[in-house]
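Given the coordinates of chain A, work out where chain B should sit on it, guided by the hints.
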Amino acid sequence: MNDGQRFDRLPATAADRTDEGRPTREAVLGFWAERFGVPPATFDGHSFWEKGSGKVWAFAGEAPDPATVEALGMVFLRARQEHPKPTTEAAQRFGREATRNVVELDREAAARFLAGEDQELAWDGDWGYLIVAHELAGGVEPIGVGLYLHGELRSQIPKGRRRQL
Amino acid sequence: MEALERYRPIVDDFEAFRAACERPLPRVVRVNTVKTTVDRALEALEAEGYAPEPVDWNRTLLGLDADDPGANWPYVHGWLYGQEEVSALPAVVLDPDPGERVFDACAAPGSKTTQLAALMADRGTLVANDSSLGRLTALRSNAERCGVTNLVVTNSDARNYPLGPLGGEPFDRALVDAPCSCEGTVRKNPDALAEWSRERVDSLAGLQKGILRRAVQATRAGGTVVYSTCTFAPEENEAVLDHVLAREDCRLAAFDAPLPAEPGVTEWEGETFDPTVARARRVYPHLSDTGGFFCAKLEVGG
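Quick note, the sequences are listed as chains A and B, same order.
Note that the numbering used here has the first sequence beginning at 1, numbered continuously upward.
Note that the numbering used here has the second sequence beginning at 1001, numbered continuously upward.
Chain B on its own, in the form it takes in the complex:
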């Protein structure tokens, strides 16, 4: 928890924030609409004696008080995906349509990928990339359980993403759910901060800048890129946006976060960022009763 102390200057009601980070996270599943409807999933869960509680901001999310949310028939049928509530945010903000070309730059193990496929009604082309072949095995297994068929899986370093499987055709939308220091997952994984170091944050920030720049380049003018992390560190969030805004043809778009969220910070440890980074959204555990999260929406071109 020591690592979080540095955020005292930017987090309102810091003591409540610290306390919330020590509470376990409510369990949530997402209904996979490639295979079923929310109503049928609710009916099946209730028939098995569960008491699913719809999450107010998204109808596919259900609170599920169960030790093993995978030990039931609806899960076996690929109707459910165990996914932290706040991690459903970036796909909702990206909002892909059926038939589009969509890029998921850091896709494994696939919770957001399968959510994107469901939002696309399993139509169009969803390119899911990850640099780790091992993690792609988990992604493929999860996607197949969810019945997804519009997925192209690639194994590249997203910073140097080549022309890609679509022969250089640009994407309509891209999601960069970047590898990060994961501070915001501390409620799920109390060891999340054990590995924390400033060097690691800086090294991740370099990676994040490279991946986001490449994703902007790979997206058509008028297209949308969503950048998200599960960390509070401005080095990995607003500073990454600031870097990319100065170098690529894109701008930050304002969006309505469907759950309580704070604006991006424009100053951090003596550095000042592009003022539009305030359009990004920071999600804090004590305000939304979720994990911590960061999400920004970029419009590409002109």
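Okay, chain A solo, but in the shape it has when bound:
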């Protein structure tokens, strides 16, 4: 049973599951590999945990006693939904490794995305969640996650992270 108040470590594969709906490590890494081309080895040093329905956390330390813990690493992914959704923080930290479904915005479009605005976008790739990036200090830096549907890029930057630059 999933207890939304407690951290439970994700099982390695579906065969190791005791809770039917629990996401697995294999599925989480498979999603990042398939959707964004991020190699599973990127996460060799991380364990994954669920607290709250479908809220997956990535943690680099040694496994603690979950009963005593308020938070573990970073909130990494929303699972238990048809299309898993990476968090802004996960996109920023691990999105540099992505090789597909990354859209690079120019300066003005990046500022609008950060402000939380939706905008029209010419994109002939997949619909769904994209990693949104821009050029900064000689590299392409992920800003967060956008939802691309019907020619429009919808900013998924959480309210508390939005900014007018």
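What the hints contain is simulated information worked out from the structure, not anything from laboratory work.
There's no promise every hint is true.
[Unchecked claim] The following label-pair restraints were derived from C-beta to C-beta distances:
id, chain 1, residue 1, chain 2, residue 2, range
1, B, E1005, A, V140, 54 to 60 Å
2, B, S1141, A, G151, 52 to 58 Å
3, B, P1162, A, W127, 45 to 51 Å
4, B, A1047, A, A63, 40 to 46 Å
Glycine residues also receive a C-beta, built at the ideal position from the N, C-alpha and C atoms.
Just chain B now, with coordinates in the frame of chain A:
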């Protein structure tokens, strides 16, 4: 400012000290090396028209003359953390290595926690505790913006810290950046002294002694504990060390402060402390052009 008058006997050039406490504090940001390098952060800031000035004693610290150091792309990416220069000292003195077990007893809102995570290269286990659930919300938000993933966040009274999330395994290093009367932050917050009272200082000192004792107990023999405050009050600094030295298996280590600092005081208002408290360091605004600070390094065991 009246509260500072009591330090006339222990502060050299007291008038310069008083004057420095009335000057606003230079703004500083720390580069978060979990997410970027100092060079890229400099490049990004310069491209946005800022003139960052490296602080001479630590390459991750940059002076930044900006009204809102959060209103720029490098900040949005979690490359920068607004942190007072002197508050970067205790994590540097603790000097954790990647892979270690580290305890941050009074962690929120997280400037030192995220600095520790960066010094650990986000590897190993960093347990960040705070007694206030509300302040932990700020800590979590700051840690996530910095991309930290080696953090375990707990919500306990650090004086009675239980076995903890690591099942009683001792820590290699611990930081006690204790709740204090905050006199040294007066340059940032001119109201810092408005609430000052001797009763409050004494009550905080009791709390500090309890937290530091517990942190020493939770650290392995041969491990390191750093004790820091942002206050000048010897009751909250040297007297706390004196109390803990007499009761726990630990000793004070000498260390080189990377910025101008004075030795801990061994006498205060008729009380005499363990002479090794002189190995602690007092940072004064008129000598270092920072906020006021206190920092001590303890070695645990034998």
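Cross-check of the supplied hints:
The hinted window of 54 to 60 Å between E1005/B and V140/A holds, with their beta carbons roughly 57 Å apart. Between S1141/B and G151/A, the C-beta spacing of about 33 Å breaks the proposed range 52 to 58 Å. At roughly 49 Å, the beta carbons of P1162/B and W127/A sit within the given window of 45 to 51 Å. Between A1047/B and A63/A, the C-beta spacing of about 42 Å keeps the proposed range 40 to 46 Å intact.
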